[in-house]
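Read off the chains here:
There are 2 protein chains.
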Amino acid sequence: MKFFDCITAPSPRRVRMYMTEKGINIPTVQIDLRSGEHLRDEFRQINPDCTVPALELDDGTCLTEVYAICEYLEAVYPQPSLVGSSPRDAALVTMWNTKIEQQGLGAIAESLRNFSKGFKGRALTGPVGFEQIPELVERGRHRAEVFMQVLDAQLANNDYVAGEQFTIADISAMVFTDFAAWIKLSIPESAHNLSRWKDLVSSRPSAKV
Amino acid sequence: MKFFDCITAPSPRRVRMYMTEKGINIPTVQIDLRSGEHLRDEFRQINPDCTVPALELDDGTCLTEVYAICEYLEAVYPQPSLVGSSPRDAALVTMWNTKIEQQGLGAIAESLRNFSKGFKGRALTGPVGFEQIPELVERGRHRAEVFMQVLDAQLANNDYVAGEQFTIADISAMVFTDFAAWIKLSIPESAHNLSRWKDLVSSRPSAKV
Chain A
62 MKFFDCITAP
72 SPRRVRMYMT
82 EKGINIPTVQ
92 IDLRSGEHLR
102 DEFRQINPDC
112 TVPALELDDG
122 TCLTEVYAIC
132 EYLEAVYPQP
142 SLVGSSPRDA
152 ALVTMWNTKI
162 EQQGLGAIAE
172 SLRNFSKGFK
182 GRALTGPVGF
192 EQIPELVERG
202 RHRAEVFMQV
212 LDAQLANNDY
222 VAGEQFTIAD
232 ISAMVFTDFA
242 AWIKLSIPES
252 AHNLSRWKDL
262 VSSRPSAKV
Chain B
62 MKFFDCITAP
72 SPRRVRMYMT
82 EKGINIPTVQ
92 IDLRSGEHLR
102 DEFRQINPDC
112 TVPALELDDG
122 TCLTEVYAIC
132 EYLEAVYPQP
142 SLVGSSPRDA
152 ALVTMWNTKI
162 EQQGLGAIAE
172 SLRNFSKGFK
182 GRALTGPVGF
192 EQIPELVERG
202 RHRAEVFMQV
212 LDAQLANNDY
222 VAGEQFTIAD
232 ISAMVFTDFA
242 AWIKLSIPES
252 AHNLSRWKDL
262 VSSRPSAKV
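Going line by line, the protein sequences match chains A and B.
For the first sequence, our numbering puts the final residue at 270, and the numbers step up evenly by one.
For the second sequence, our numbering puts the final residue at 270, and the numbers step up evenly by one.
Worth flagging that the hints you see were computed from the coordinates, not collected in a lab.
Computed from a predicted model, the values in this text were never measured in an experiment.
Treat the hints loosely; a few may be bogus.
Said to hold, decoys possible - Okay, derived cross-link-like pairs now, DMTMM-like style, lysine to aspartate or glutamate, Cα gap no bigger than 20 Å in a straight line:
(1) A:K181 to B:E199
(2) B:K259 to B:D120
(3) B:K63 to B:D120
(4) B:K63 to A:D150
(5) B:K181 to A:D150
(6) A:K181 to B:E82
(7) B:K245 to B:E199
(8) A:K63 to B:D150
(9) B:K269 to B:E250
(10) B:K181 to A:E103
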């Protein structure tokens, strides 16, 4: 297998953290998003979506999308489980991971990519360029603020995001709360549950990668 | 279990189609999105995200997000498999389903919800109102057009979206191509592979629900 990473970007970091929790080591290639290496022909032939992370399997199959890559690795390296052990618990992990991707990570990306000069003409990921839309800067920020409250409420009755076990949903939520700093957004003081959880998960070795 | 549906909406349709393929019957409650029933306290207490589909389990757990609901049902009703039989195939189903949700269904929703008078002040799903942004009408439409080409290219070498078996990715793609009609977008004549696939999947009983 070969892992296509970008050390500065939040999406591949989720897979790096997942691999750290599992103790998985896979030969890794860095793709420099800042210089546009993901848009060049060489990488486009590996992943036509021009995104990282990507995982190339030994048969040449290229997996993209964080949750799909982790699902594959979970099947190959099942211990320790990071996806929930019963059908109900596994579905809750998928549910929370989806919410974090769409309402959390997606909201910050919306604000950042429509604001930063570095994303001019590249407001969305993928091979097609899209212009920035100024109204989305504030919309994305507000969505991310709302989602911090959603996570705080969920963590009032649960040690971890999807229940009583650390799972991939916590990895995604950790990256969400760290990615928020890119738009100068931090966990509000009133969000005691989210702060307590952040302290708890920040002590894990995976938080350092 | 209890299934919360809205007969006119694309997201719960994906779960209805999935249940039809499996032969699953679950007591169903219709939530009338047009009159705002999803935003009223009674449903908000079931699903604070104010979205359908939702699946209430017998222990009171409420599952939301289409893929999470289908993952749960797949574990309880494994036959016939709709998620791929090897780790590689299952990951490809998740990967394609994610792309269809974000790049396909999400694109049409972006165009529709920022255009239609019925979504004024409700440009995003969820309990918080967001104003329409006119630039997103065309952006969403263009993204959906691009994604039709992506699907057409994928179907050049595969009978079904994620490979040689009919899976939940085909259900999501069927709903994407039908939902496109809401913004008066149809499969382009040049997309021969996508048209061939659409004819194939349209003959299934699940396409009628």
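Consistency of the hints with the structure:
no.: 1; hint: A:K181 to B:E199; verdict: holds, 18 Å
no.: 2; hint: B:K259 to B:D120; verdict: violated, 39 Å
no.: 3; hint: B:K63 to B:D120; verdict: holds, 11 Å
no.: 4; hint: B:K63 to A:D150; verdict: holds, 18 Å
no.: 5; hint: B:K181 to A:D150; verdict: violated, 37 Å
no.: 6; hint: A:K181 to B:E82; verdict: violated, 44 Å
no.: 7; hint: B:K245 to B:E199; verdict: holds, 12 Å
no.: 8; hint: A:K63 to B:D150; verdict: holds, 18 Å
no.: 9; hint: B:K269 to B:E250; verdict: violated, 23 Å
no.: 10; hint: B:K181 to A:E103; verdict: violated, 44 Å
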